[in-house]
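J.: Chain by chain, the residues:
There are 2 protein chains.
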Amino acid sequence: MATATHRDAVRTRKALLDGAARAITRHGAAVSLDAVAREAGVSKGGLLHHFRSKDALLAGMVEEWMARFDAAVQRHLDPGDLRPGRLCRAHIRATFDDDVDLDDEVWRDPAVITALLGVPEVLRQAREFDLRSRRQLSADGLHPQRVELIVGALDGLVMRQLFGNPPDAAERAALATLLLALTERSDPLVAI
Amino acid sequence: MATATHRDAVRTRKALLDGAARAITRHGAAVSLDAVAREAGVSKGGLLHHFRSKDALLAGMVEEWMARFDAAVQRHLDPGDLRPGRLCRAHIRATFDDDVDLDDEVWRDPAVITALLGVPEVLRQAREFDLRSRRQLSADGLHPQRVELIVGALDGLVMRQLFGNPPDAAERAALATLLLALTERSDPLVAI
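Chain order of the listed sequences is A and B.
Going by the numbering used here, the first sequence opens with residue 1, and the numbers climb by one from there.
Going by the numbering used here, the second sequence opens with residue 1001, and the numbers climb by one from there.
Note that these hints are calculated values from the structure, not bench results.
Mixed in with the good hints there might be a few duds.
Label-pair ranges, simulated between beta-carbon atoms [stated by the list, open to error]:
id: 1; chain 1: A; residue 1: R75; chain 2: B; residue 2: S1138; range: 28 to 36 Å
id: 2; chain 1: B; residue 1: E1105; chain 2: A; residue 2: P167; range: 49 to 57 Å
id: 3; chain 1: A; residue 1: Q74; chain 2: B; residue 2: I1192; range: 54 to 62 Å
id: 4; chain 1: B; residue 1: L1048; chain 2: A; residue 2: R132; range: 31 to 39 Å
id: 5; chain 1: B; residue 1: R1007; chain 2: A; residue 2: V190; range: 21 to 29 Å
id: 6; chain 1: B; residue 1: A1173; chain 2: A; residue 2: R172; range: 29 to 37 Å
id: 7; chain 1: B; residue 1: S1032; chain 2: A; residue 2: A181; range: 21 to 29 Å
id: 8; chain 1: B; residue 1: L1077; chain 2: A; residue 2: A174; range: 39 to 47 Å
Don't be surprised by glycine CBs; every beta carbon is placed ideally from N, CA and C.
Please take these sequences and the hints and turn them into a complete structure.
T.: Structure representation (C-alpha cells):
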C-alpha cells in the first residue's frame, strides 16, 4: 500500500513536471530550474531531490509523455477486435488522440523538441521507444509493407511537428483514416 | 563571367563548409569558430567575412546540403520517363543516393542534427524545404494517398536517423523498392 510519504512524493513529482511544462511554454527550453521550482510551487531543494539536473527534469518530462502515450494505446485497444493489426489500430488512434498531448503547447514547439533531443538521456529514451514500437507493430500480423508505411507516416508526423509544419485538422483526419484503412487487410500492398 | 576574386570567394566558402563538417565530426556541434577556421586553413577574419556567426555557418552547411539534394533529384530525373510519379521517383532515388550525404558523418550524428535544428534560421530553411517538397511531390500526378505515404516514409527515415536508429543496408534497399513500387500506379491504394 502506498504510504502518505510516497503519495506526497508522487504528487510533488507531478507538480514539478507540470510546472516545467508551463515554465518552458512561457520562457522557452532554456528556462532555469529556479523558474521551474517557482512555477511548481516547490522549493529548489525539493526540485533537486526529484530531479538532480535540468537534463534529468527534461528526461522526466519525456518519460511522462511516453507513459501517457502507452496508456492511450491501452485505452484504444478494442477488446472485441482480434484481427491482425489490432495493436497498429490502437497505436494510430493514440497518435491522433489529442488528449495525449494534453494542452501542452510544449510538445508542439520545435525549439522545445530540439532542446529535448539534445539531451543524451532523452535521445536514448526516444531511440528505445522507437525501437520498441517498431518491434511491437511488426509482430501485429500485418504485411511488413503495411507496417513500414504506417510507422513511417507516424514518424513523418513527428518530423512535421519538429519542422513547425504540422498538418491541419482536415489533413490529420485524412491521414488517420488512411492509416487505419491500411490495417484492414494484411496482404502486400504492391507486388515487388 | 566569374572573376578570379569571385572564384576565390566560392573556393574559400567551400573550404569553410568542408572544414566545418570535419571539425564538427571531430569535436561535436559545439565546436568553436576558431577550430573551424583552423580546420579549413582560413583566417578567423576570412571565416567571419563569409559567415558572420556560428549560426550563419550552420545555416550555410544546411543550405549546401539542400543544394546537393536538389542536384541529386535533377540527376535522377529520367528524361525518358514521362509517366505520373516521375518526380517522386527521382526524389526517392536521391534520398537513397549515398552520394548526397557524401562521407559526411556529420549528417548521421543525432547530436549534430538537433544542434542544427536548434538554430532558428536552419529550422526556417528545413520548414521551407519540407513545404516545397510536399508541394512538388503532390503535383506529380500520383494519388494523394500514395504521395502522403511516400513523403511520410521519407520523413520517417530522417526521424530514424535523428533517433540514431537508421535502417541497415537491407532495410534501406527494401524501403526504396517499396516506395518506388508505390509510384508505379496512380490509383488509390485503399478504398476509403
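J.: Compare the structure with the hints numbered earlier in the document and write down the numbers of the violated ones, lowest to highest.
T.: 2, 3, 4, 5, 7, 8
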